[in-house]
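Participant: Please work from the sequences and hints to get the whole structure.
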Amino acid sequence: MTRDADDRLFLDAAIALARGNVERGGRPFGALVVKDGAVIATGVNTILASNDPTAHAEMSAIRAASQALTSPDLSGCTVYASGHPCPMCLAAMRMAGVGEVAFAYSNEDGAPFGLSTAAIYDELRLPFAEQSMSIRHVGAADAVAPAIYTEWQRADRD
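The opening position of the sequence shown corresponds to residue 1 in the UniProt record's numbering, with each subsequent residue numbered one higher.
None of these hints come from the bench; they were simulated from the model.
Using N, Cα and C, we set each Cβ at its ideal position, and we do this for glycine too.
Simulated restraints, written as ranges between beta carbons of each label pair:
#, residue 1, residue 2, range
1, Thr54, Gly99, 16 to 26 Å
2, Met88, Asp109, 17 to 27 Å
3, Pro72, Pro112, 34 to 44 Å
4, Gln153, Phe113, 43 to 53 Å
5, Gln153, Pro87, 24 to 34 Å
6, Pro72, Glu151, 12 to 22 Å
7, Arg3, His137, 42 to 52 Å
Facilitator: Take a look at the structure:
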């Protein structure tokens with residue numbers, strides 16, 4: 001298969017997951033994690049069923065892939081998502097080492113249905129002081145020598 005054919009195959013599968021989720025009363029989002037041409041894990045958006053605002057399709061697929069691979073490192077993986085991943089999902093993908101992301105529907109496609117995260121992307125570009133959520137660094141009492149990091153480093157090396 002060609003890259004374009006693979007992309008189409010996996011994006012169609014993500015869309016099929018999203019459709020199935022809608023049929024079960026969920027939101028229209030599905031995602032796959034693929035490594036070496038094989039689907040490692042899938043996920044759907046379960047925000048409404050779980051009352052968990054982090055239960056996005058991509059997050060569920062990332063969690064399942066990490067379990068399947070018994071590693072938090074998803075280097076070499078590609079995430080295929082039915083919709084434009086939100087900043088939280090993209091950050092999680094980056095932290096996991098995902099190398100590629102492909103999505104079918106854009107924020108512009110989702111906007112008329114209240115399913116765009118473009119406003120969040122826009123706000124995150126602003127300095128902390130200009131964002132709607134208060135974000136401030138208070139500092140720890142042991143800020144001179146960050147003990148928790150030193151403790152972690154020692155424990156990790158033992």
